[in-house]
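Two chains, two separate frames, one set of hints: put the complex together.
Line order of the protein sequences matches chains A and B. Every letter in the first sequence is one number past the one before it in the numbering used here, and letter 11, counting from 1, is -4. The number in the numbering used here is simply the position in the second sequence, starting from 1, with 10 added.
Derived from the structure by calculation, the hints contain no laboratory data. Watch out, some of these pointers could steer you wrong.
Claimed, not checked - In silico BS3-like cross-links for lysine-lysine, where the CA-CA straight-line distance does not exceed 30 Å:
id: 1; chain 1: A; residue 1: K119; chain 2: B; residue 2: K122
id: 2; chain 1: B; residue 1: K112; chain 2: A; residue 2: K175
id: 3; chain 1: B; residue 1: K112; chain 2: A; residue 2: K156
id: 4; chain 1: B; residue 1: K134; chain 2: A; residue 2: K129
id: 5; chain 1: A; residue 1: K129; chain 2: B; residue 2: K174
id: 6; chain 1: B; residue 1: K174; chain 2: A; residue 2: K175
id: 7; chain 1: A; residue 1: K119; chain 2: B; residue 2: K102
Stated by the list, open to error - Okay, the calculated bits of chain B under chain A, using three or more residues with CB under 8 Å as the criterion:
id: 8; region: 14 to 27
id: 9; region: 156 to 170
Claimed, not checked - Derived Cβ-Cβ restraints for the label pairs, each shown as a range:
id: 10; chain 1: A; residue 1: G172; chain 2: B; residue 2: Y136; range: 53 to 61 Å
id: 11; chain 1: A; residue 1: E31; chain 2: B; residue 2: P163; range: 53 to 61 Å
id: 12; chain 1: A; residue 1: E170; chain 2: B; residue 2: P171; range: 54 to 62 Å
No residue lacks a Cβ here, since even glycine has one placed at the ideal position from N, Cα and C.
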Amino acid sequence: MGALSGTLSYKLFYVQGEVPENWQELYLQQIRKNAFKPLKPEDEEEVSEGWVPVERPLQISFDLHTLLFDHFINLGFRQDKYAIPSALLKAHVEEAEREYMIQNDKQRLSKFEREDIKIMVKRKLKEKQLPRMKVIDMSWDLQKGRVRFWSQSGNVCELFQGYFEDTFGLKLLPGNPYINAVQLEPGPEKIEELAVVEPTNFIEGLPQR
Amino acid sequence: MDLIDLIETRRFLGSEFMMWLWFKSECYDGLMEVEEHGELEVLFDDALVLEAYLAETERNTFKGGAPAYSPEAKVALQQGKRVSRAKIRVIKDGREWLLTLKAEGLDFSSVKIPAVLSREEDEKFYERMYLVEELEDIINALYRTFIFTRLSPQWHEVMVPAMKTWIMAEDGVVPDVYPEAAEQQGPAMAKSA
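Pulled out of the complex, with its shape left as it was, chain B reads as follows (with noise of 0.2 Å):
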């Protein structure tokens, strides 16, 4: 298989990152604790969007208050819709980013990252450089740990059918039933990437 077909074929790990973390997300009620940042809070926030996995048309907009804790968003789960599109909230140290992530590229839109000080022109371009890459390093550790898990026996053994118990509960109480063990971070990180 060649660069792009790889490229095309793998797609849907995007949409099973999302889904992953907006899992763990509930479970823990945003708190969750990422490699080589310590605790923080990844919440979903008031925008959500899924689509059918092999109709792209058959699509679910939610808008405002707080979508992936309706109900609404988990019968669209229970349907077999998968994340395309979700608004999240990151705050770490009391600094707060807001970013739509889309699952297909895992591309960052509207981000808004925290108050920048400098008033400097060059300066100012260096701290939004810095606070977006912090972002993006965070980002990537979800998503390392996502993979690690993913590509090991515990995602089909462990995780998946807890995040099918939770997709699945109709009362739409939040499970502290997140599988922590079956996690995995895979070796230290050589570099950021």
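Bound conformation, chain A alone (with noise of 0.2 Å):
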């Protein structure tokens, strides 16, 4: 859902700085290098977030065939998460801190015992379940240097703000009144004036700040 089919709802995000003149072969590099990397039940870490095709969550290889359209670099951003439920979670610490503490003939468990316990149920539970999966398509115009995220989600758009500019070394600029206004290039008068412009004021008498 998004860049090739379904809901258009995206954030606007504005690229800056120049394209390099290989980029393809850079990019590819790059996204190849920043491509999803499935989670693993042992892994200590709980979210996994990457590059995948556009419409392939599953496949994480890449060509210039899968990404490129056209002016267009197309892909979509995956998320996985392990969610275990937290009272799950606490009712089977528990459960495995009686068992040991019989086994072991202890009335009282360590801070370490506690923490090695708790690493190994959530181990044991991540083996139990598949991990949350979200994907989240992004299309770049390379000619007019703005890109389309498929999400509106504070959380989700700062983080996949942060992913690109990691891969492709240009920063983004998130659409905002602001940064719209500036983008229409003004001039640095206006620029200066939007700096201090303040709120109208429509009814009298009622606080605008």
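If you want it as structure tokens, here you go:
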């Protein structure tokens, strides 16, 4: 859902900086480096994110054909997360602690023993479930320097922005009333005025700030 | 002021833009001239949310019918509430777009584009993007007119008094009082932003 079909709800970003001359080779290399890495139950990390080909979230191999649509680079930003309900985790940890104390004839557990048990329980629970997968499309118009990202959640957009900047070495500015005004190239004087403009009072007697 | 502060403290421009657009649309029954796009229709559709500027929890949500023309929405404006989101219909050369515009980030959501005719996957994508881009350019052109007008003396001297009259009008009758001469277009656009 997103770039190729489905709902058109997205966040617009403006790309800052120039695309290098050898961008095809360089970006392909960088995308491969920042491709999605599947989570494993034994990993300490409970979240993993990275690039996948658009509409092929299970693939992690890339070539120019999979990502280049004329002057657009299309990618999926996949994020997997283990989501063990806290009540379930707590119940399993308590049960495991009880068993451990009985087996080892202990009345109390040290902090380290508790931590080890928790890690072991978490791993067992992770083995029984699959992580939750979320894939959000992004489409980068190389000619216009605009990126459309199919999410408007602040946290997800921030994560995506950082990931994009790390991958491509270019800054992204999120669309908003100030940035959109600056992007219209109103001239230095108007940009200075924008910085000091105050909200309009449409109704006398009501505070505006 | 750093960029983050500028972004956060200038968010009010989004709701002012939407209030201005609502005013203009109501004055002209939706029909307006847009720089580089010619004459087109911009109409407030069947969903509108107004929020108190200081207390965002004070919110009026209108759904169905034509809320922008309802006395209830006018009362909310008279209480000092501002547009936080609206469903907007744009019609150009017989083609129709529908979008929900959010004031805070000027974000587009639930965009409906004119029917895509291509069958091939790649072609379908290009057509979708072309139509989305056309809509972005129309809204940008309107925003540009707003920004130049907003930063000119005409805003406080002419546009705001006209908008105040519109807000306070009790009979709900569409006033043909849009001060066209107060609009500022700015210099010709160097490129479409």
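Determine which of the earlier numbered hints do not hold for this structure and return their numbers in increasing order.
Structure breaks hints 5, 7, 10 and 12.
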